[in-house]
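Enquirer: Given the coordinates of chain G, assemble chain L onto it according to the supplied hints.
There are 2 protein chains.
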Amino acid sequence: METKEIVRGMASKAREAAFELRRVSTARKNAMLLEMAAALEAAKPEIDAANQRDLAAAKASGLAPAMVDRLTLTDGRFRAMVEGVRSVASLPDPVGEIIWTRQRDSGITIRKTREPFGVVAVVFESRPNVFVDTAALCLKTGNAIILRGGKEAIETNTALYRAVKHVTGEAVQFVEIADHAAVTELVRAVGLVDVAIPRGGERLIRAMCEAALVPVLKHYKGVCHLYVDDRADLGMALSILDNAKVQRPSACNAVECLLVHEKIAPLFLPMVRAWAADRKVVLHESDQDWEREFLALEMNVGVVGDFRAAVAHINRHGSHHSDAIVTNDGERAAEFLRDVDSACVYHNASTRFTDGAEFGMGAEIGISTDKLHARGPMGLEELTTYKYTVTGEGTVRE
Amino acid sequence: METKEIVRGMASKAREAAFELRRVSTARKNAMLLEMAAALEAAKPEIDAANQRDLAAAKASGLAPAMVDRLTLTDGRFRAMVEGVRSVASLPDPVGEIIWTRQRDSGITIRKTREPFGVVAVVFESRPNVFVDTAALCLKTGNAIILRGGKEAIETNTALYRAVKHVTGEAVQFVEIADHAAVTELVRAVGLVDVAIPRGGERLIRAMCEAALVPVLKHYKGVCHLYVDDRADLGMALSILDNAKVQRPSACNAVECLLVHEKIAPLFLPMVRAWAADRKVVLHESDQDWEREFLALEMNVGVVGDFRAAVAHINRHGSHHSDAIVTNDGERAAEFLRDVDSACVYHNASTRFTDGAEFGMGAEIGISTDKLHARGPMGLEELTTYKYTVTGEGTVRE
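Chains as they are written, first to last, in this note's numbering: chain G, 875 to 1272; chain L, 875 to 1272.
Derived by calculation from the structure, the hints in this document are not laboratory data.
Among these hints, one or two may not hold up.
Estimated spans, in silico, between C-beta atoms of each pair [what the hints assert, rightly or not]:
hint	chain 1	residue 1	chain 2	residue 2	range
1	G	R978	L	G970	26 to 34 Å
2	G	R978	L	E1272	48 to 56 Å
3	L	R1077	G	D922	52 to 60 Å
4	L	A1186	G	D922	26 to 34 Å
Keep in mind that this is a model prediction, so the values were computed, not measured.
C-beta atoms are modelled at their ideal positions from N, C-alpha and C, and glycine is treated no differently.
Extracted from the complex, chain G is given alone in its bound form (with noise of 0.2 Å):
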């Protein structure tokens, strides 16, 4: 058979599943969520086996170090993976939810409330445990998945189908085809996928968008900023920047970017410069490239006029993701807060707050640098759509 065929006969699986989804109780999806997580137990050392396959063909191939890393499901990380899942069965539904009632003149009562998707596509580069993470959160959501792996991680994203699917029926689709063409007849597939959700790096989501014709949910990169004003603490300025940069400089929510006002510049840099060195961060403080997500302990430093040149620098070179003012100015906060353009602003707290868990969601799908739909942490109520039910006793219009 051919790609195309494939795919769109699990989208069609995928549709019809979703639909008797629909009719699915809450009980009855948390139930499933948990008969889920004991599934994926039971089945830990074929899964564990066959995450052994795929790390030795990694390694036999080459594959990067950090990519490897990504790929190994550790048991701390299965554990990880397996609590998830009973988190997201304790988390509120939202799907049924009333968002409002109107009564109209016309004689029409209105209710808008929260729907699924109905057929979520899913596409992820080399983390076995995104897989289980998303099919999750879309189960709760009364969503249908299809989900397509990584090449590097098919004999365990294979076993983790295979512990999973006397569960989700076919409200799981799991695509095997290495080919790329299988991507792209997902994300043509008009009315049988709604969204598509790429998890993975930039080349993965520029493909994506550029063959898609279903809409995207997406990611691109996390270029956040930390500017700190002439009226700031020092102290708490670097506290932040501590924080925002060494916690976990491989999160998106990691500041790649420091700006610091002129007037401040000969105080704040040789302090930065000593938090450098002890930290083992490397500062670019000349030849910057504005634009670099370094993901890594490394950053770049820059110094503005004052902070409307700070806001200019973050619409321009920023990703839209997450940016921060440190200041004791509440004017000058509440303007940068307003004019930065990006999916969260801070004032005197620290980028790495971004977070579906930290936001108070319970459980996060991904972070959109979108302003469609989902803006910033996406959670169960991102994973949904609404509709507008509006009854009558014979009412028609005048």
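Expert: This is chain L only, laid out in the frame that chain G set:
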């Protein structure tokens, strides 16, 4: 200059203007809208003359009468257009509205607020009022707008643009390039255009989606259904059918297909035929093309075994726009409303209510048949995104 350079230059100006517009108060935006209305009235002679030139060219080139009608800016339409701008000024401004506030145990306070998208690109066909309607809605929501109209309306659109540009400045950009490449450049201007909205026929929409890299909010088709259950009040069913089909057959929320439960078909279909004869509605009772949008006094009629077959038919052949059930059985109605996967689902009411004003939104920029971001009528709120503002006191993540 190349089309690409021109379009990107305009988009850059729009981006700058959007930045400034975010800083403008609601009172000032409303004043701009009133000035815009007055400027249009003052320029009526020039706009009328321009419309006459377009109409003469259209007739000379043999444009279809329906298209010529859409192109015509009658005195009544002109007045309605200007009043539309004034009514947008009187609506509440969604920008800056606080959606929620959360205090987290970590020490941060999070506020989720409504924000403008930034730059909206609207590509429309022959109706010149779309120029003014969409510009007003975008200005109100703090969005800059890039407008590209049909070449048959170029004189009218240019006159409208000349009339308002001294009020709107760079916040309204008008693409005069007839070449379709201008549309392609617009929808590929990632980082400059935040969302593209087609206002026109299926061909335009498909071409835009095919080329797009920026998100598109769209309305494909209105293939709306009326299902009459065997437990329906047939008088009510006929009254709703009459309203939904005859009141304004060219509207996207008019029904195109009547589905009748087989048990009452022998009784109800003769009533429908008599009604159709009286109202000059052409019925297709065999060889139906179920996915056809007539937009005229013409419709498909089908008989179904039960209400579940009706749901399946609608989900398969409909356009996920507006679909209705007429029944006195509350349980069936509830199932129908839950299971029909459409933006608006009706019980004992006419599909003609799918409309921004009827839903209490005050105005609409269109009706979305998509599920992402906006579904159903799109008002001012749907022209906004949101942002998270996080404040702390030197707060860092544990």
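Enquirer: Compare the structure with each hint and give your call.
Expert: Here is what the structure says about each hint:
1. Separated by about 27 Å at the C-beta atoms, R978(G) and G970(L) satisfy the suggested range of 26 to 34 Å.
2. Between R978(G) and E1272(L) the Cβ separation comes to about 49 Å, which falls inside the hinted range of 48 to 56 Å.
3. Between R1077(L) and D922(G), the C-beta spacing of about 54 Å keeps the proposed range 52 to 60 Å intact.
4. Evaluation of the 26 to 34 Å hint for A1186(L) and D922(G) yields a failure: the beta carbon distance comes to about 44 Å.
Comparing the model with each numbered hint stated earlier shows that hint 4 is the single one that does not hold.
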